[in-house]
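Add chains D and B with the ligands to chain W, keeping to what the hints say.
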Amino acid sequence: MAKRIEILISGYGGQGVVRIGQILGQAAVNQGLYTSMLISHGTETRGGYVRSQVVISDEFIDSPVVERPDFFCAFSGIAYTMFKGLCGSQSLILHNPDIVSPDPGLASPHWGIKAEAVATEELGDAVFANVIFLGALSSRLALLTSEHIVEAIRERLPQRFHEKNLQAFALGRARK
Amino acid sequence: MKRTFDTGNAAITEAAIRAGCNLFAGYPITPATEIAENMSRRLPQVGGYYLQAEDENAALHICNGGSIGGLKAMTATSGPGFILFADAFGWAVSSEVPVVIVNSQRVGPVSGITGAPGQGEFYLSRYLTHGGNFETIVLAPSSVQEAYRLTVRAFYLAERFRTPVIVLADQMVTDGWETLELPETDAEFLAMGLEVVPRRIHPGPEFYPATDDIDVPPVVLGHNTGAACSDWTPTDRGHDTEDITWQHKHAWRLIHKILNHRDLIDEADQWYLDDDPEVILVAYGTPSRVVQNAVNAARRDGLSVGGIRPISLWPFQDHLFKRRAIYLVVELNWDGQLVREVQRAAADGSQVHFWGRCGELPTSAELLEDITTLLKHEPLARDGWRTEKW
Amino acid sequence: MSDLLEKYVRPEKNPGTACKGCGLRLAHRKVLEAIDELGLAQGDVVWGTGIGCSGRQTFVTWKGDTFAGTHGRVYAMATGLRLALPPEKRLILTVGDGDAFTIGFLHLLNAARRNVDMTVVVFDNLGYQSTGGQYGVTTPLGSKTDSSPYGAWEPNWTQGGFDVLRILKESGATFLARHTVLQGHEPVESLKKAIQNRGFSVVQLIYPCVTHYGVQALGTRDLAKIYDWFRERTADDLSADANTHFTTGITHDASGSRVEFAAGLRQFVASVQKGVGNGETD
Ligand SMILES: Cc1ncc(C[n+]2csc(CCOP(=O)(O)OP(=O)(O)O)c2C)c(N)n1
Ligand code: SF4
Ligand SMILES: [Mg+2]
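Protein chains in written order, with my numbering: chain W, 1 to 176; chain D, 1 to 390; chain B, 1 to 282.
So here's chain W without its partners, still in its complex pose (with noise of 0.2 Å):
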């Protein structure tokens, strides 16, 4: 049967959320896997959630759809409260402290980084926080080499934000 990984990333237009899966899907394909994305919106103006459901899969993926999610990375309240109920004891939720409580009831374990104040320590702005996450979710996506996550952060993001951002993926791989 095939290995098929599925990969919740909600939270606000701007966090990068497309951009991590498109570093996820990307990786995938240049290591010869299968992937699919789908990304939603709440709203048009993008001011509401942004949702990407990524599933990565050595055979040809039949359903897109997100719906026992191995990781989630919650990166708002609001993605928390909408997409919580997916997540079983499988399910690992990456979350932000500072940002998300993790609600007690339920069973999924709950690894929270604090990734935004980390980005601001080391690398001087919040916006790396992203890829401190893709570092951190990495260190446990034994399907993806981290070779292949590296390039695909050069082939996804602009070269003058190259160096910072592949610190940024080191230090959240680093994590524990």
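Keep in mind that the hints were calculated from the coordinates and are not lab data. Nothing here was measured: the structure is a model prediction, and the numbers come from that model.
Restricting the straight-line Cα-Cα distance to at most 20 Å, the calculated cross-link-like pairs of lysine to aspartate or glutamate (EDC-like) are: (1) Lys-13(B) / Asp-236(D); (2) Lys-169(B) / Glu-54(D); (3) Lys-322(D) / Asp-274(D); (4) Lys-2(D) / Glu-151(W); (5) Lys-2(D) / Asp-58(W); (6) Lys-2(D) / Glu-155(W); (7) Lys-13(B) / Glu-206(D); (8) Lys-3(W) / Asp-301(D); (9) Lys-84(W) / Glu-366(D); (10) Lys-13(B) / Asp-240(D); (11) Lys-13(B) / Glu-242(D); (12) Lys-84(W) / Glu-360(D); (13) Lys-2(D) / Glu-59(W); (14) Lys-13(B) / Asp-243(D); (15) Lys-192(B) / Asp-237(B).
Covered by chain D, per the in silico footprint, the following chain W stretches (three or more residues, Cβ under 8 Å): (16) 20-26; (17) 35-41; (18) 57-69.
Beta-carbon label-pair distances, calculated as ranges: (19) Arg-41(D) / Pro-87(B): 20 to 30 Å; (20) Ile-78(W) / Ser-257(B): 51 to 61 Å; (21) Pro-155(B) / Ala-126(W): 52 to 62 Å; (22) Val-46(D) / Gly-132(B): 46 to 56 Å; (23) Pro-86(B) / Thr-245(D): 35 to 45 Å; (24) Ser-111(D) / Glu-37(B): 49 to 59 Å; (25) Ser-111(D) / Ile-78(W): 15 to 25 Å; (26) Ala-126(W) / Asp-186(D): 42 to 52 Å; (27) Gly-39(B) / Gly-47(D): 29 to 39 Å; (28) Pro-97(W) / Thr-185(D): 44 to 54 Å; (29) Ile-78(W) / Arg-266(B): 44 to 54 Å; (30) Arg-41(D) / Ala-41(B): 37 to 47 Å; (31) Glu-37(B) / Ile-201(D): 30 to 40 Å; (32) Arg-41(D) / Cys-19(B): 52 to 62 Å.
Glycine included, each C-beta is placed from N, C-alpha and C at the ideal position.
For chains D and B with the ligands alone, kept in the frame of chain W given last:
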């Protein structure tokens, strides 16, 4: 092959360029805007023309005008623009000019919800203009890769049949990202089963013969052939006439050039039908991907289930539904459109149920639940048009 | 004259089916005269038409290549077609006042904005005539028509200080003129300039609809009386009172002053392609 990770919008753009599209006229609308944006970047690179029309009616008329000048034209839109095509679409159907139309369906009616997928134009795509007396070719991709293939095919069929061809996509297909393999050589392109028909020029001044022939070159103006084309019922010279015998010949040609060459158009995926399944799920576009997943999961559980995914929607493939079974038609709308055609086409004694929702895809788990219920011959929690009450 | 028809008009469309005495034949002839005097041959012109008496009576009369659009849309079609045609081909459209100035006005304005090389000859019969005679935006105020039994009162675009050609001028048209078919050779001279302009030209050519406007608004079937009314209302220049007269002449001649759309687009595409060669864009 170039293996990339890209959107359906990008796939449609690259397919159009590969098929020789050299004119795109459009008007921005979510979620089809990106196709226009991509075309504005790609077309000039290959010597083609991109322009923004004053509205969608103009967009398709500009495409029609380009097409009767010999250009290969395409436009792309979503529901609110699609409805404005009615006039120009009729012109293209009746004058028999090739043109490709992409509709990324969102949630309606009218402006509805912009960034979520719907399937509300199943019937509209069949009858995108008034007056009847014609057949329409509509293709429905369910993945990014298929959006590439079907866009190339749309250009191919448009040229061979002298008619507008509609690619009926949805927001998930066009905005969605997936593994996309792009052919880099002609051999790779051919190996994908794809072909490009260059524009040929009708010799004129005779109009099209009163036959069901395809591959009759379309009328192209500017070569002083005395060619004529119009929205009027044409005589054999393309002259306007009020004579009902000419109208009959015209209508017959519009209908039968398509119906008599369905082998070139008809396409469907059929899953586990040889097993004579008790329950058959039916869907097109992105929901069909979830259906495929649910059917596979049900089969793994030993359930008697199959699936049908029409790839060409119109002309409708009645023959797919002649097997006696319990059908569950899954659509992204609350009113049930595809299900009505399935009801009509299904063999006597079959039961046809409707699963509908808008904006969100079904989940495999939901469908599995319904499959189990149907196999037990129990009523569905949410059957037919008895949608939830608030 | 009849050899002009022989030269350019399909024999099966000659004579056409316009009502006896209709001024449309005169209008049609003015266009043919202009084409002839410019020395243009059948293959030099592609002819398009709109809907209504004006459009349908001239559709597929031209021996060369012809096409017809749905009501008001032929300007958008011609915009697309222009991109495909060789620049030297003249693109002439004969259309009604309703087709051009109401239902198709949005497309007309945008063709003017782009300065697409075409000559739109508006055969203005002062309203919607092929549908039986209803008032339009060039119908003189007070006219009785089938839809204005008490006299037309809606503001129009030819009186009260308005001039539809001025709107077109502001929209970017590079040649504009207005005439009536009773003016002998003057309309032909304007039409020649319009056709020669490598840009967007409109010539408004007013003619009598005898069957509807004559009967409903002028209250007579007498062709002589109808033509007299039109003759009296025709002013030979632009300075007359537009509330009471058809002011005529070239209202705007900026031929060649703007880049023609198709030429500009071709140039733009070539420049992008050069840029691509230099690796400036991806
Ligand atoms: C979309 C559409 N609306 C209405 C009509 C009906 N119609 C046919 S001709 C005509 C009048 C057109 O007036 P004009 O363009 O001034 O032409 P005329 O008949 O006066 O020469 C109308 C309204 C039509 N053919 N198409
Ligand atoms: S109805 Fe009027 S405009 Fe039309 S053909 Fe008759 S006279 Fe001419
Ligand atoms: Mg009129």
